[in-house]
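2 protein chains.
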Amino acid sequence: MMKRIFIELQERSYFVYIAHGILKDTKFRWKLKKGDVAVLITDIQVAPLYLKRICNTLNSFGVITDRLVLPVGEQSKSLSVLDQIFTKLLNKNYDRNIVLIALGGGVIGDLTGFAAATYHRGIRLIQVPTTLLAQVDASVGGKTGINHVLGKNMIGAFYQPVEVIIDLDCLFTLSMKEFSAGLAEVIKYAVAFDASFFNWLENNLDDLLKFHPQSLMYCVYRCCKLKASIVSLDEREIQIGKRSLLNLGHTYGHAIESYFSYTGWSHGEAISVGIVMAVNAALHLQKFLSTRDAMRIKLLLERAHLPVHGPQEMQSKDYLRYMARDKKSRLGKINLVLPVSIGRARVFLNIDQNVILNSIEYNLIK
Amino acid sequence: MMKRIFIELQERSYFVYIAHGILKDTKFRWKLKKGDVAVLITDIQVAPLYLKRICNTLNSFGVITDRLVLPVGEQSKSLSVLDQIFTKLLNKNYDRNIVLIALGGGVIGDLTGFAAATYHRGIRLIQVPTTLLAQVDASVGGKTGINHVLGKNMIGAFYQPVEVIIDLDCLFTLSMKEFSAGLAEVIKYAVAFDASFFNWLENNLDDLLKFHPQSLMYCVYRCCKLKASIVSLDEREIQIGKRSLLNLGHTYGHAIESYFSYTGWSHGEAISVGIVMAVNAALHLQKFLSTRDAMRIKLLLERAHLPVHGPQEMQSKDYLRYMARDKKSRLGKINLVLPVSIGRARVFLNIDQNVILNSIEYNLIK
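Protein chains in written order, with UniProt numbering: chain A, 1 to 366; chain B, 1 to 366.
No incorrect hints appear here.
Copies of the same chain look alike in the list, so a pair counts if it works inside one copy or between any two.
Cross-link-like lysine-lysine pairs, in silico, DSS-like; alpha carbons within 25 angstroms at most:
id, residue 1, residue 2
1, K317, K88
2, K287, K242
3, K52, K92
4, K317, K92
5, K24, K3
6, K33, K333
Keep in mind that the hints were calculated from the coordinates and are not lab data.
Turn these sequences into a full structure, and let the hints guide you.
Structure below.
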């Protein structure tokens, strides 16, 4: 069974297709036509699993394929790897009619997306996310970009793909650690936007952790559906509004990732801790969030095998240094997305430093 | 007297303001408000002329200013100088509410524009073009980008400024060589779109070359007006249509610039030769262009002190190598914009190599 979600963005609208085995499905019609040149960009971990199969499928449609296989990891989201992509494309004399296919997790998606946004001032892009994290979050909505030594995702563009193809079978090849990292974003959606989905997660998490196909479909579909409605409202995250609520836990999380130069802690793990700290801050501010809801959130993260305590190496002041540099902050003042109840979050502007320090140091959730 | 042109692009619409002395005018209201942070990006040649004055004016409105002064020349349109800009902005912890002001010629405009398009996934941009070339062409329409060792303007984005401020007094500080380079683009507009403007140029070129204020105003206004109507029709140059006609002479011209690694020949000089070669190709193809019109075009370029013969160092086959890499070409086939009469041009697809070689080798214009 295949599900389809429409991302409504005027002339930049597109579909997200979700199914088990879609990459093997020779009947599925990619948004490519005979004679198109498609360059698949992937990493050495993903390449042996899917690259050959996809190329064969596309070739059978008369699409000419080429490929670039990059190293694994957040370090690839750099200006120098971006330049490597440009050099490859220019060496082959590829014009602006080619299509880039991002085959991989969030790193490949963000990097390839930014390359597509800027090669010849913009070429077509297809996202084929292979991790849970990329399927539920990174591949939909058009955020692309790279890191800078001085901060994560500081350079980038809003650039929409022409389609997103999600094969749920890819999830079977993930390690439990990678799968859990994706669950952090899943739980984030539920906490920030959807109480009934949170309930569903409480009831179905064990099935998800056993990779139960229907549960995976429901989970990914629901997240993409939520993301679709948010992105349609605010494509470029211009208002401090609904789209910024997607950043729940991310301001703390990015601080952790930056501190370890994007190596020690995965994005999902850092976000999990970030959500707990945001819950703490909400409790400190006594902004509606009940201790019961706080406990339910923490418990769900733990059940998903996610960390709920920050790295021991980091002092609370280490967080502040990076948090002030966050894209949501303004003139050094820190703004945060905090949950006010399960299923509802809000942006709080210009938060007192002591509240932030406390939210990091003292875990109020018993 | 000030003239104003509206660039109609839905929510990305903006005004182009043209006047003598607008940068000195403390009554002119920039699209900035008290408390805004504006970072002026310019080069060492332009900085001593205008930087201090503009900063003072903006400070008097309560705008906080900062600056980055870069080396002069096309070499600054590189990934490494772009990275320098990002490092400067991130070191100051600037958030996405700052404004970049591009103060300079086409190089500064393209580079700063691309930095604005990609810093924090897009921040506000004001173009303040100081050369004739940038005033009539580069600053309006949202093309931004940098060069790659393998080709000019290969990396970039379509990104509109929030306003363009053109001070015609800046033209008085240009060398005749720089001024002439701008006239190549002016003549291009007339040849490709506007026969009556071509007549006007024939009658008023001497006044322009004497920097006659009213003539300058008319010339810059007419070019910007033409550009505005073209850009509104086709913001992202998606159709092979009117916007691509702006590239008359550019496919040949870029080949010359690339051959000399953007050092020996200026953009305007290369475009002038490119227009002559396009005229030659049109004559070879016997596509309507009369030899009389061909002669008038060549004569006007000569009167503007522009070259009409390509560099002696280059063989005709040297051109082909670079021309196949042009953004307008597809799968190695060369498409060209050619004049069909004065005031009218067309895109010709998949042009025979011999025609191109002949257009370079044999000057048909007596």
